[in-house]
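Student: Sequence:
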Amino acid sequence: MSLKQRFSAFLNPQAKLAYALQLLESKNAARGVQLLGQLAKDGVVGAQFRLGRIYLDGQVVPPSLEDGARWMLQAAEAGHVEAAFILATLYTVGLPEELEIRAERSALDLSVRPEQGPRISDFHQGRYWAQKAAIEHSADAQALLGYILTNGPEDLRDLPQAREWYQKSAQSGCSQGHLGLALALLNEAETDEERQYAARHFIEASKGGLGTAYEFLGRMSEAGIGLPQSMSAAAAYYRQGAEQNVLYAQARYGLMLLEGVGVEQDHGQAETILRRAAMGGDAESAAVLGDLHANGGDLPPNMLEAAKWYRLAAEQKHPGAARALGLLYLTGNGVHRDADIAAHWFKIASESGDAQADADLGNLILTGSKATDSEKEALRQRFERSAEKGDLVGAFNLGVCYAEGVGHTADSREAARWMQRAADGVVNAQYWYGRMLLDGRGVAPDPTQALHWMEKAADAGMAEAQAVVGQLLVTGQINNRKDHAKALKLYAAAAESGNVDAMFSLAAMLGGGHDVPENRPEAQKWFRKAAQRGNGLAQLMLGRYLIRGLGGVQDPVEGRIWLERAAGQGIDGAEQELAACDAVLAPN
Numbered sequence: 007m008s009l010k011q012r013f014s015a016f017l018n019p020q021a022k023l024a025y026a027l028q029l030l031e032s033k034n035a036a037r038g039v040q041l042l043g044q045l046a047k048d049g050v051v052g053a054q055f056r057l058g059r060i061y062l063d064g065q066v067v068p069p070s071l072e073d074g075a076r077w078m079l080q081a082a083e084a085g086h087v088e089a090a091f092i093l094a095t096l097y098t099v100g101l102p103e104e105l106e107i108r109a110e111r112s113a114l115d116l117s118v119r120p121e122q123g124p125r126i127s128d129f130h131q132g133r134y135w136a137q138k139a140a141i142e143h144s145a146d147a148q149a150l151l152g153y154i155l156t157n158g159p160e161d162l163r164d165l166p167q168a169r170e171w172y173q174k175s176a177q178s179g180c181s182q183g184h185l186g187l188a189l190a191l192l193n194e195a196e197t198d199e200e201r202q203y204a205a206r207h208f209i210e211a212s213k214g215g216l217g218t219a220y221e222f223l224g225r226m227s228e229a230g231i232g233l234p235q236s237m238s239a240a241a242a243y244y245r246q247g248a249e250q251n252v253l254y255a256q257a258r259y260g261l262m263l264l265e266g267v268g269v270e271q272d273h274g275q276a277e278t279i280l281r282r283a284a285m286g287g288d289a290e291s292a293a294v295l296g297d298l299h300a301n302g303g304d305l306p307p308n309m310l311e312a313a314k315w316y317r318l319a320a321e322q323k324h325p326g327a328a329r330a331l332g333l334l335y336l337t338g339n340g341v342h343r344d345a346d347i348a349a350h351w352f353k354i355a356s357e358s359g360d361a362q363a364d365a366d367l368g369n370l371i372l373t374g375s376k377a378t379d380s381e382k383e384a385l386r387q388r389f390e391r392s393a394e395k396g397d398l399v400g401a402f403n404l405g406v407c408y409a410e411g412v413g414h415t416a417d418s419r420e421a422a423r424w425m426q427r428a429a430d431g432v433v434n435a436q437y438w439y440g441r442m443l444l445d446g447r448g449v450a451p452d453p454t455q456a457l458h459w460m461e462k463a464a465d466a467g468m469a470e471a472q473a474v475v476g477q478l479l480v481t482g483q484i485n486n487r488k489d490h491a492k493a494l495k496l497y498a499a500a501a502e503s504g505n506v507d508a509m510f511s512l513a514a515m516l517g518g519g520h521d522v523p524e525n526r527p528e529a530q531k532w533f534r535k536a537a538q539r540g541n542g543l544a545q546l547m548l549g550r551y552l553i554r555g556l557g558g559v560q561d562p563v564e565g566r567i568w569l570e571r572a573a574g575q576g577i578d579g580a581e582q583e584l585a586a587c588d589a590v591l592a593p594n
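Under our numbering, read the sequence shown as residues 7 to 594, first letter to last.
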């Protein structure tokens, strides 16, 4: 700038403003801010607006919501349209509770930090300033006013007027106006032609890069509403929405990548996008990540990681994730074993609508969870209501309550009645009803039907039933029916599920003397697994195997350790085995 131009700038406020703005773009930006401050104090509206933007954006100076809003208020009161729109936006988005926008700077109070804390929207002030700018043909303010009239407090809502403002904004080419109009049209649409009209406005809104527009275009393409049904088009729209950090778009696109729907399958990219959605607060994405890590795939299962994602989803009341987390705590898989914490998550899942969690919770009541009498009574009443409506899981849980006296006096006949009803579709009920038939508890004894129902539960994969049926098939206790081959399979399945009794029984069968091939090295492996989990008989047998080398490896020293543990539990024969072992180990 020439010397003459600089001189004239100091005589003309507008020229001064132009000079200050020029300085902002130079190496002397701090001088430009200083000059803007002088002009703003002198009432130059353009300077007040620009200084407000500088403070709000943190350009050159540290960001200050208080100072930025203060200068915006002065500019807006002087009729600056864009300042009125920005002020309306600040009020609508929300300001910290302690912050009050004033034309003059408030006195310094070191005990208060007005720009921190949760933000509180003031839709009434937002409407006031948005309407001022909207009347002056600000397309952005027109769209904002439409939003306030649609989503503000009840006393401000006026949907017909909101639609008019959206229409005016869209006619000016504002993407937000197109989006607001599209949402209003879609909400009111009754015909496919009206939905197609809404889709056209979503498309216009998407040209401005609005993530919500991409989300709805994805939804409409996926469902074939207002747009041709196309999973590839839906995936493309969701991808664009995901790039704008729209949670629903991230969640859907992540699933589509995971399943190869509308896009080439890519597990790595799917997990990355689902992680973003989950960390952003999408419970379903967190639950899917839990499933991915629990089930494994190309990599072994990682239950610790699964528990982390299940917890994130369960804390948002996701029923499936809450139940899965309860099961992890029940089994001690990836987390420490704790029946009370398991009960907590089963209760969350049950209250959120997971019927299977009701069954888990009903079982867990018997494990010593710390439910009060009133809680147990309330739980029994809920089970009774669902059972009387024909819910089989509810019938099973009600049977458990009657069998164990939970929330009601124990009643074996009622327990058997409800167990029988539930046995048609609930595996746990099949096992329970079979045991009641076997023991004659609440019903006349019927060993044949008892085996029938317990075998159904065993074949369905219930480890406890597998162990019991395996024993019955080994001994031939019912109708002299023996089936050692099937018993071995049942024991093996239950042992793999962690049932300690089945581990011992499997080892015993493999050790010889049964109608299955002998395999003593494998028997020793399962004796060890059961012994490590505290089974005294398994400790005795493992000691014998190691001392005598029955499984191919002889180690009297370790064998003696296991015999000592068995003796400590009072297992018959352990003391005699110890004496024999000491005789072998004693020096000549």
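Since the hints were derived computationally from the structure, they do not count as laboratory data. Backbone N, C-alpha and C fix where the C-beta goes; we use that ideal spot for every residue, glycine too. Treat the hints with caution; some may be incorrect.
Stated by the list, open to error - The following label-pair restraints were derived from C-beta to C-beta distances: (1) D272 / I209: 22 to 28 Å; (2) P19 / M285: 47 to 53 Å; (3) S178 / G100: 32 to 38 Å; (4) P68 / K213: 34 to 40 Å; (5) H273 / Q250: 41 to 47 Å; (6) D521 / D272: 29 to 35 Å; (7) E104 / M285: 57 to 63 Å; (8) H490 / S238: 53 to 59 Å; (9) Q387 / G467: 30 to 36 Å; (10) M285 / E103: 23 to 29 Å; (11) S238 / D48: 42 to 48 Å; (12) T337 / D430: 23 to 29 Å; (13) L162 / N308: 48 to 54 Å.
Claimed, not checked - Within a straight-line C-alpha distance of at most 25 Å, the following computed SDA-like cross-link-like pairs (lysine to any residue) qualify: (14) K395 / E383; (15) K174 / L192; (16) K323 / L264; (17) K531 / Q483; (18) K323 / D344; (19) K462 / L444; (20) K395 / A416; (21) K314 / N301; (22) K323 / N301; (23) K495 / Q483; (24) K535 / N525; (25) K488 / G467; (26) K47 / V67; (27) K495 / A450; (28) K495 / N485; (29) K495 / G519; (30) K488 / G519; (31) K323 / M285; (32) K535 / Q560; (33) K531 / N485; (34) K462 / E410; (35) K535 / G574; (36) K323 / G286; (37) K531 / S503.
Student: Next step is simple, just say for each hint if it's right about the structure.
Tutor: Each hint, compared with the structure:
1. D272 / I209: 22 to 28 Å: holds, 27 Å
2. P19 / M285: 47 to 53 Å: The hint (47 to 53 Å, Cβ to Cβ) holds, given that P19 and M285 are roughly 50 Å apart.
3. S178 / G100: 32 to 38 Å: violated, 27 Å
4. P68 / K213: 34 to 40 Å: Between P68 and K213, where Cβ atoms are some 36 Å apart, the hint holds.
5. H273 / Q250: 41 to 47 Å: Check failed, 23 Å falls outside 41 to 47 Å.
6. D521 / D272: 29 to 35 Å: For D272 against D521, whose Cβ atoms are near 51 Å apart, the range 29 to 35 Å is violated.
7. E104 / M285: 57 to 63 Å: Between E104 and M285, where Cβ atoms are some 30 Å apart, the hint is violated.
8. H490 / S238: 53 to 59 Å: Taking Cβ atoms as reference, H490 and S238 lie about 56 Å apart, which means the hint holds.
9. Q387 / G467: 30 to 36 Å: Taking Cβ atoms as reference, Q387 and G467 lie about 31 Å apart, which means the hint holds.
10. M285 / E103: 23 to 29 Å: holds, 27 Å
11. S238 / D48: 42 to 48 Å: violated, 60 Å
12. T337 / D430: 23 to 29 Å: holds, 27 Å
13. L162 / N308: 48 to 54 Å: holds, 50 Å
14. K395 / E383: holds, 19 Å
15. K174 / L192: Between K174 and L192 the Cα gap is close to 18 Å, so the pair holds against 25 Å.
16. K323 / L264: This hinted pair holds, its Cα atoms lying about 24 Å apart.
17. K531 / Q483: violated, 28 Å
18. K323 / D344: holds, 20 Å
19. K462 / L444: holds, 15 Å
20. K395 / A416: This hinted pair holds, its Cα atoms lying about 22 Å apart.
21. K314 / N301: This hinted pair holds, its Cα atoms lying about 14 Å apart.
22. K323 / N301: Holds - the C-alpha atoms of N301 and K323 are around 22 Å apart, at most 25 Å.
23. K495 / Q483: holds, 18 Å
24. K535 / N525: Holds - the C-alpha atoms of N525 and K535 are around 16 Å apart, at most 25 Å.
25. K488 / G467: holds, 20 Å
26. K47 / V67: holds, 17 Å
27. K495 / A450: violated, 31 Å
28. K495 / N485: Holds - the C-alpha atoms of N485 and K495 are around 21 Å apart, at most 25 Å.
29. K495 / G519: It holds: about 17 Å lies between the C-alpha atoms, which stays within 25 Å.
30. K488 / G519: Between K488 and G519 the Cα gap is close to 14 Å, so the pair holds against 25 Å.
31. K323 / M285: holds, 15 Å
32. K535 / Q560: holds, 18 Å
33. K531 / N485: Violated. K531 to N485 sits at ~33 Å, over the 25 Å cutoff.
34. K462 / E410: Roughly 23 Å between the alpha carbons, so the hint for K462 and E410 holds.
35. K535 / G574: holds, 18 Å
36. K323 / G286: holds, 16 Å
37. K531 / S503: With Cα atoms ~15 Å apart, K531 and S503 stay inside 25 Å; holds.
Of the numbered hints given earlier, the model fails hints 3, 5, 6, 7, 11, 17, 27, 33; all others are met.
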